Amino acid sequence: MTELSEHIIDWADPTTEFFWNAAREQRLVIQQCAACHSYQFYPRPFCLSCDSDAIEWVSACGFGTVYSRTIVHLPAAPELGLTSPYVAAIVELDEGPRLLTNLVSETCTIGSRVHVLWRPRKGQAPAPVFGPADDAGELRQ
Amino acid sequence: MALTGTDRDIYIVGVAEAPLGEVMDQSELSMIALAAREALVDAGLTMSDVDGLFVNYMGEEGSVQVGEYLGIQPSYADSSDLGGAAFVAFLGHASAAIQTGRCKVALIVYASRQRTRASRKLNHWNSKATSSQFEQPYGLPAPLGQFGLLAARHMYEYGTTAEQLASVAVGARQWAGMNPKAWKRDPLTVDDVLASRMISDPLHRMDCCLVTDGGGAIVVTSGARARDMANTPIRVAGTGESHHQWHIPQLPSLDASPGVASARAAIQMAGITRSDVDVFEPYDATTMSVLLALEDVGFCARGESGSFVEAGNLLPGGSLPSITSGGGLSYCHPGALGILLVIETVRQLRGQAQQRQVPRATIGVVHGIGGLFSTAATAVLVRD
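In the order they appear, the protein sequences are chains A and B. Per my numbering, residue -4 is the first one in the first sequence, and the count goes up by one each step. Per my numbering, residue 139 is the first one in the second sequence, and the count goes up by one each step.
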């Protein structure tokens, strides 16, 4: 594990630094249990499915499906760098876990296939956001 | 039915609203004190009878601060944090405390001046919460954004429409028109709601609750004690609560709302069926909250709440009169609405709701939610 970056301010803690360090390399990582193979996000010190300690960080494939989304018409806190209106969404990763994120395009709606992108943040690790999967080379069915 | 009069049966014997709306001449503590005194008078009790205190959101050791302000030294206190649902959950907690002899007369109180203080923030991420780092970057305006996401998914799965959501607000306003204490009483149409500013798509401004000052007080005691009270005691026949996710992606599905478990527990404890319910007071933080409450409590099947509301079932004369005070959408929403929902239900069951009285109301259900659609507490109240 690399050292905790000085760029990760306020939010990261010893249990999440691996995630944010991977984010700096634009890798989306989640936890997987070596015993029961369940995936989980956000990180915990053991598997929520089987209580095993054999928890490992693995790279997610980066693809997912929009579970829900809302277009927010309120001004965001200035430090977030979001210009209203913006899209907040729940994305279900192909591995199973869901996370809150932003969609970079309003063309992504519920059920849309999406792929992870990285939004740079001043003084912090980049945040995973999502855009159309087509742009990442996923073939249409 | 006569009062059963045992220590196992628990009754609400006094209720009062605190000053509501825009409160410039009181503090939160004085609002609580005024409501508490009025609720005790309503019961025929005095402050010195109170030995159990159920309160939250009053600062550090808030129950101690409130007890001192009221001049009492309770033997039991509880500040469980369920957000807005707390003051519904406290009915269950107070019942258990009375049944186990921890206290005899429980006082449930709440007040806020979130409007006057302009303290309501839509992005109240707690930097101490480990998990917030995974949500704070995305600007979801809590809690309205959570309900926007739930509403969008409900529309996607079930074809629920913006008009159906709006009809919840229209119905609440119709009830509010009959409540002199309601903040908003002018007639409202579906078109008005749809024309109001978009907040968190698909929720418009008028799909979202008011931001007002307010609060209230509830006095709870045993059946043995309740026989001597000044007003018709209302039995706490069933209670249930459930504590779920803090972060909305952790909600597995719309079927897994916290309200499903809390309602099932309360209804089972009360031994009633849903068709017995005369009046329903759901926590209307948003119009979507009401649709979910109707489905979670089981008044309609999953996905059918939109058409259920659109058909007028919640309105005066409808099959399930609901939001009879005007609710958080039109009457008052002081940040934690649950206490006002209980007070309204008690008034309906006592027959004290004046113009908005639901005829022959004997069984009411209060369904509170809290946090970021995180918790739920349900209570079944009965006039014996």
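Simulated from the structure, these hints should not be mistaken for lab results. Please note: incorrect hints may appear among the correct ones.
FRET-style restraints, in silico, Cβ to Cβ [as the list claims (entries may be wrong)]:
#1 A/D46 to B/Q203: 37 to 47 Å
#2 A/D48 to B/M162: 52 to 62 Å
#3 A/P40 to B/S213: 31 to 41 Å
#4 B/D330 to A/P73: 29 to 39 Å
#5 B/Q406 to A/A30: 43 to 53 Å
#6 A/D46 to B/G209: 42 to 52 Å
#7 A/D46 to B/R365: 32 to 42 Å
#8 B/S218 to A/P80: 31 to 41 Å
#9 B/Q490 to A/P40: 51 to 61 Å
A short list of chain B residues far from chain A (calculated; beta carbon distances all over 12 Å) [stated by the list, open to error]:
#10 M162
#11 Q211
#12 S270
#13 Q271
#14 L287
#15 T299
#16 P390
#17 A399
#18 M407
#19 R440
Quantities reported herein were computed from a predicted structural model and do not represent experimental measurements. Just so you know, even glycine gets a beta-carbon here, dropped at the ideal spot from N, CA and C.
Hints, one by one, checked against the model:
For A/D46 and B/Q203, the Cβ-Cβ distance of about 41 Å falls inside the hinted range of 37 to 47 Å, so the restraint holds. In this structure, A/D48 and B/M162 meet the distance hint of 52 to 62 Å, their C-beta atoms being roughly 57 Å apart. With their beta carbons about 39 Å apart, A/P40 and B/S213 fall inside the hinted range of 31 to 41 Å. The hinted window of 29 to 39 Å between B/D330 and A/P73 holds, with their beta carbons roughly 32 Å apart.
B/Q406 and A/A30 have their C-beta atoms about 37 Å apart, which leaves the hinted 43 to 53 Å range violated. The given range of 42 to 52 Å is respected by A/D46 and B/G209, whose C-beta atoms sit roughly 50 Å from each other. Look at A/D46 against B/R365: about 51 Å separates their beta carbons, and that is not inside 32 to 42 Å. The given range of 31 to 41 Å is respected by B/S218 and A/P80, whose C-beta atoms sit roughly 37 Å from each other.
Taken as a hint, the range 51 to 61 Å holds for the pair B/Q490 and A/P40, whose Cβ atoms sit roughly 54 Å apart. No beta-carbon of chain A is positioned within 12 Å of the beta-carbon of B/M162; the least distance is around 27 Å. Distance check on B/Q211: its Cβ is at least 40 Å (rounded) from any Cβ of chain A, clearing the 12 Å threshold; non-interface status holds. The non-interface label for B/S270 is inconsistent with chain A: the shortest C-beta to C-beta separation is roughly 7 Å, within 12 Å.
Listed as outside the interface, B/Q271 is inconsistent with that label: its C-beta sits roughly 3 Å from the nearest C-beta of chain A, within the 12 Å cut-off. Annotated as non-interface, B/L287 brings its C-beta within 12 Å of a C-beta of chain A; the closest such distance is 4 Å. With a closest Cβ-Cβ approach of about 15 Å to chain A, B/T299 is found to remain outside the 12 Å limit, as its non-interface label requires. Remark: the non-interface label on B/P390 conflicts with the geometry, its nearest Cβ contact in chain A lying 9 Å away (cut-off 12 Å).
Listed as outside the interface, B/A399 is consistent with that label: its C-beta sits roughly 19 Å from the nearest C-beta of chain A, beyond the 12 Å cut-off. At roughly 30 Å, the least C-beta separation between B/M407 and chain A is larger than 12 Å, which holds for a residue marked as non-interface. Listed as a non-interface residue, B/R440 keeps its Cβ farther than 12 Å from every Cβ of chain A; the least gap is roughly 16 Å.
Hints 5, 7, 12, 13, 14, 16 from the earlier list are contradicted by this structure; the remaining hints agree with it.
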